[in-house]
Amino acid sequence: MPVREGGGSYPGDGVKRMADVNLTVDGKKLTAPAGTLLIEACKSVGIEVPSFCYYPGLSLQGACRMCVVKIEKMPKLQTACTTVVTEGMVVATDNDEVRQARKAMVELLLGNHPLDCPVCDAGGECELQDMTFSYGASESKFMEAKNHREEQQWSPVVYFDRPRCILCYRCVRVCGEGMDVWALGVQNRGVSSIIAPNQDDHLECEECGMCIDICPVGALTSGAYRYKTRPWEMNHVGTVCTHCGDGCKTTLGVRRCDTGMEIVRGDNRDKSGINNDFLCIKGRYAFDFAHSEERIMQPLIRKSGKLMPSTWEEAFELIGKRFAEVRDKDGGLAIGVVGSTRTTNEENYLLSKFARVVLKTNNVDHHRTADFPALAAALHSKPGQTASMRDVLTAPAILLIGNDPTNQHPLLAWQIRTNVRLRRAKLYVINSAPIKLQKQAAGFGLLPAGAEAKAVAFLGGDDSQLDSLVSDGTTREAWTALRDKIRAEQNLVIAFGSELRAQDIQTLVSVSSSLSGAKLICLGDYANSRGAADMGLYPDLLPGYQPVSEGGRFQQDWGALPAEKGLSLPEMVDAAKAGKLKALYVVGSNPIGRLGIDPFTFSKSLVVVQDMFLTETATIADVVLPAANSYEKSGTFTNTCGDLQLVKKAGEVTGTKPDFEMIVRIADAMGFDVRSLVPFGGGTHADMGQTRGAQSGEADRHAVWLEAHNLEPKMTPFDPMAILDEIQRVVAGYDVSRTNLLAGADQHIEIAHCGVGASHKPELIVPANDDLFSSGTLGRYSHTLNSVYENKPAESEIAAD
Amino acid sequence: MASLVSHPDEVRVISKRFGQGATDIDRYLQLDGYKAVQKALSMQPDAIINEVKNSGLRGRGGAGFSTGMKWSFVPKQSAKPKYVLCNGDESEPGTCKDRLIFEHDPHSVIEGVMIAAIAVQSHTGYIYIRGEYRYLSVIMQKAIKDAYAKGFLGKNIFGSGYDLDIYWHGGAGAYEVGEESALMESLEGKRGVPRIRPPFPAVVGLWGGPTVINNAETLAAVPHIILGGAEWYAGLGTPKNGGTRLFCLSGNLNKPGVYELPMGYNLKKMIYEVGGGIPNGRGLKAVVPGGSSTPVLLPEEIDIPMDFDSVGKAGSMLGSGGVVVLDDTTCIVNFALRTIKFYQHESCGWCIPCREGTDWLKKTLTRFHAGAGLKKDIDNIYYLSENMLGKTFCPLGDAAAMPTMAFVKKFRKEFEDHLDGKPCPFEKAADRIPAMA
Amino acid sequence: MKFSQEFEQRFADMLTHYPTKRSALVPTLLYAQDEAGALTDEVIVELAQRLDLTELEVRNVISYYSMLTTKPRGKYNVQVCTNIACMLRGGEELLNHCQKKLGIGHKGTTQDGLFSLEEVECIGACSWAPAVQVNYDFHENLTVDKMDQVLDEYKKKGTM
Ligand SMILES: Cc1cc2nc3c(=O)[nH]c(=O)nc-3n(C[C@H](O)[C@H](O)[C@H](O)COP(=O)(O)O)c2cc1C
Ligand code: SF4
Ligand code: FES
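Protein chains in written order, with this note's numbering: chain A, 1 to 801; chain B, 1001 to 1437; chain C, 2001 to 2160.
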């Protein structure tokens, strides 16, 4: 029942899953569930029916007529994209009549289409080119002049070249149906029809670039990529976006440049990740911070008050010497370590281990944006209760408490919208402010500010909370009705923001345990916030949320550990003020800039910072080491749901080093035996030949395998894969299939349920408050994000209507 | 106000009240008005449908589908409201009949909608009138108001316990909106782009509800069928083509006008007797028998009964009843160009073959008519039309392709006479430089 | 944005006719245009807001229908049909004549803003061809002379 425009219907909509249907296509017998579109049924047996306007998951158009096929007993050719399979149907997808029809369609399109393929961004990746190749016109029948129009710039990132547009309406649909933005329309009619932006001559939208990615030709092009390169001149590296906590897979187009390897494009055309074809503006364009001119490309050492360039040797020697001095003289307690939410699991694990084993301190922390330890504690001995990002796409019902995914978790919002649209999932929203996802909600409870925890208690049956929930928007009756509906749901996915912490999470877990099949998602803000938590960047927790007081298997593996819990970040600040914190080691984090710490706090401490930029924290450092970012190294990230994914090296900027290598080098400079920090080359943990040269021949096989996967097969202590072996062995939940991981598949990890012990200090959680166009410190160095910001009207909020 | 004509061969059913002041509701009542609907209220819905089926009434909008059959496709049970929609978008060039019905007998359309509604058990009807017909909208709005005032519409109509609302709705200039699903889009406040079918309107139509859509003339015939009986109505026409219809005679005729003639009336007779023949002693060159989308007939092809089946057999279509007569001074290339200009202008632009095809046909024919045609253009024009035919999203593409193919096929020589920079062999060709963008 | 009492009455009425607000859009646009002279930005913003639509949606619809315009036309919009039935009876000559007489082309407007000219598609007057519509009024069975009379009358009416 396909209808265009909003609220329309989609393939298979309303069709009950009845018995399968048998049909014959090109002589092949096949079976498909009733309600399947013919074009999809063909695809399932490897018969590709060409199309421009058909796009899975978007409403049907039947406009391009490329998918015509011959169906027996039907006088006219039929469009496979709008035909539902029926019992006994006999179909020919490639006979003379069909080929002629398609050829004519291509001829007609080319009649008015510029043949500027050599300079078109889509050249080599153009569906019209491919179609012409398959059915094409050898001789042009048309001799009239083509309609010409100047190209238009619709936004900092979106360009529109009208004559190239073939009016497949994919962009209009993905913007409206997919993104719920509706910034593109169709204007005029007939041959004057044109895709039009919502603001006369420009776009006001979420700048996600989905329209560009989905355009089959070069009509919509990206301001970031256009005219930079040809697709076949790029290397394509599938990795994970480094911005928010959702963990979209992104395929980066990379080419050589003066300073190494430059990333020129991000997209997801192969739909191979948890995000299918989705990317938000940050994933698609904001890799450009990597090429910012403000990047530090050389180690810096403070000399007579000024940060001066130095050599790596000098820097490591100095750091090693001073760290060892402080540790040996004042003890580990005098050293603080601040880790990152954007470094890999391997780096976070290594940093956690380095702090405890080499620096002999538990003073480890990071910028906490969600209370993962509370969730781990609450889920103790309740496995199977967390949801993956993929689950959000298929769950029959979703409850969202707090947070505004449209701005803070764009992929989560996309998954929710898609599920509601295509599968009619029920969404319930409980929030203290109106949010855009309300539009998709089957139930919405508007809370007074800060009443999220009370709502959770109410959900759990505590009716005494009811009075404090009532707001202008939601009455007592409405709350009760909402609770009844939520409680009646099976297999509910509950996603909650940082509004819920500590005890509230405990309560929520008991609510969720009382519902059949419910699962949870705790929303943290950065690309590897969850990984930072899982890898134990806490003063009281080791990797896997293991309390430091019960070193357990870590004691066996790592050796003697400090058993007293260490200082949290605010406590480190206090200690520094009291002159007790002699050294501070900051890896990929900007606590001064992001957490509002007085920059003079650490004036008496030795401050070592690893970063890409001279952040507020780096400017007060004694030594600054230029770091590579996650697009420039390999490893793994865990998204906020707990989906583990491989991070692959795409770009490279000479003069920088991955944090992993820097940590190892500092340990080395401190005289520590790095082999006991990183189990490389020892062959002790050989599995499937993926560990360093286990048995004879293994190493070579491993090297070949890694090479094939772009994974730096270095037999060195700087290879993060060595640490991944250890993580998989000792961190609860991480023992997933390595083969699947290396093959690029995401794997869900249960939040380690190892028992209580997390320090419930809700005040330590500081939400990042990023929106669609900001991304912590990184965002400040993204030219794209800045230019979009400059182009926004004063109130840059996307209206929550 | 359009002027009325008459001819002794006319059989006045639909046009019975033309010129009788029937826009006035009391006058309409005097002329047997609103009797049929009261009769229908006392009938079983299925009996109404059967009556209409047996009358042989076929859609006057162009396709000639059995009206009773169409109504029978509407599901008896429906979760969503059902609707009846009167298509008064009348835009097919050569057609100007619905206009007369609205002008002279608006209540007959209302009554037809009412009977259709009762037959399919719908409680809401809409009468969609093209935007250019503003004065008819005024007439129709008043007629509806008067019907409400008498209690014929609204709650409990005629004290029957049946509720029925009918509303007027207006267009704003778009031929494509006459296509049934595009009309629904338009009524829903959208661009007039047709919908994917199936599902057909009878199952999923306006706002997703089952919908009967009929041409205004079709609906205006219904009260007469209910009152006069199926047998009587069927007997007026030929087998499978019941009743009479309004034929719009236009073009090079002595007495153009809208005449009501029985289905199956001879086309040649229609032209030479009813229409008064060709003026100024000129000869007949061709006839477009059913509106501009129907393939042209040559003089030797017009001795045929004007019913859906016979005209179909002759290689054309009865269409919307617009008989356009071309005398022998007409340049066929120019005529083909003007026809395609219309479809190019009115294509909604949704699908490739129609959007691009009509534009290329227009461009090629323009150049061709201006004297810059090449021999291969003739074949290309045919090739292009042939490749549009049956492949477009809605029948508008066919409407452009069919007449064009007929022009090329039947008047190839005339196309060839335009070749090689020769001026149009017909007078005033120089004036015929297209003015429209 | 101020519309007449009559418009407001009609608009309020119309909203009760449909299950969705948006359904009132097309006829409302035409009536609004009749009052405001054109569908200006101001009218679009107003109607979008009244019908819970985005301005883009309203513009998409406006640009589809040939009677709707965002630019003002002359006081009298002379619409000459040149489609087949009219063409066979001199519709094109009529158009040429109007062009010469008014000194404007297709979609042009005279300097004094009194007349605009448009070549239009079939207006449903085929049996009374050639035909012209001035605003909403039909003039049928025209000749060049009769056309002159029609234009003169409007000129008189418009400059009175
Ligand atoms: C492009 C196109 C334009 C049409 N225009 C009209 C029209 O103006 N009036 C009309 O009654 N039917 C028109 N039709 C036919 C309608 O789609 C539909 O078949 C008709 O309203 C059904 O009514 P009927 O069964 O009473 O003929 C058009 C069809 C097409 C494809
Ligand atoms: S894709 Fe199909 S595919 Fe599109 S129309 Fe084309 S008609 Fe279908
Ligand atoms: S062709 Fe001119 S009014 Fe019909």
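These are calculated hints, taken from the structure and not from any lab test. These numbers come from a predicted model, not from an experiment. We put the beta carbon where it would ideally sit given N, CA and C, even for glycine. The reader is advised that the hints may include incorrect statements.
Pairs of lysine to aspartate or glutamate residues, derived as EDC-like cross-links and limited to a Cα-Cα distance of at most 20 Å, are as follows [as the list claims (entries may be wrong)]: (1) A/K141 with B/D1024; (2) B/K1190 with C/E2006; (3) A/K303 with A/E317; (4) B/K1155 with C/E2006; (5) A/K577 with A/D330; (6) B/K1142 with C/E2055; (7) A/K436 with C/E2055; (8) A/K76 with B/D1046; (9) A/K360 with A/E125; (10) A/K141 with B/D1046; (11) A/K439 with C/D2052; (12) B/K1035 with B/D1046.
Label pairs and their calculated CB-CB ranges [unchecked claim]: (13) C/M2001 with B/N1054: 29 to 37 Å; (14) A/K792 with B/K1076: 28 to 36 Å; (15) C/K2071 with A/N235: 31 to 39 Å; (16) A/D96 with C/V2045: 38 to 46 Å; (17) C/K2071 with B/K1039: 49 to 57 Å; (18) C/V2045 with A/E150: 25 to 33 Å; (19) B/K1076 with C/D2013: 40 to 48 Å; (20) A/G450 with C/V2045: 56 to 64 Å; (21) A/A481 with C/S2004: 54 to 62 Å; (22) C/Q2149 with B/S1160: 29 to 37 Å; (23) C/D2041 with A/D574: 57 to 65 Å.
Within 25 to 33 Å: is that where the Cβ-Cβ distance between C/V2045 and A/E150 falls?
At 28 Å between Cβs, range holds.
Does B/D1046 lie within 20 Å of A/K76 when you go C-alpha to C-alpha?
The given pair, whose Cα atoms are some 33 Å apart, is violated under the 20 Å limit.
Run the distance test for A/K141 versus B/D1024: straight-line Cα separation, threshold 20 Å.
59 Å, violated
Cβ-Cβ distance between A/G450 and C/V2045: within 56 to 64 Å?
At 37 Å between Cβs, range violated.
Pairwise hint evaluation, A/E317 against A/K303, where the allowed Cα distance is 20 Å at most:
Within the cut-off at roughly 15 Å; holds.
Measure nothing beyond the straight line between the CA atoms of B/K1155 and C/E2006; if it is 20 Å or shorter, mark the hint as holding.
Since the Cα atoms of B/K1155 and C/E2006 sit roughly 26 Å apart, the hinted pair is violated (cutoff 20 Å).
Just to be careful, I want the Cα atoms of B/K1142 and C/E2055 compared with a cutoff of 20 Å; is the pair within it?
33 Å, violated
Within 20 Å, alpha carbon to alpha carbon, are A/K577 and A/D330?
16 Å, holds
Restraint check for B/K1190 with C/E2006, where alpha carbons must lie at most 20 Å apart
24 Å, violated
How does the Cβ-Cβ distance of C/Q2149 and B/S1160 compare with 29 to 37 Å: does it lie in that range?
53 Å, violated
Indicate whether the distance between the beta carbons of C/D2041 and A/D574 respects the range 57 to 65 Å.
59 Å, holds
Okay, B/K1076 versus C/D2013 on CB: inside 40 to 48 Å?
Violated: the Cβ-Cβ distance is about 32 Å, outside 40 to 48 Å.
Violation of the numbered hints given earlier is confined to hints 1, 2, 4, 6, 8, 9, 10, 13, 14, 15, 16, 19, 20, 21, 22; the remaining hints are satisfied by the structure.
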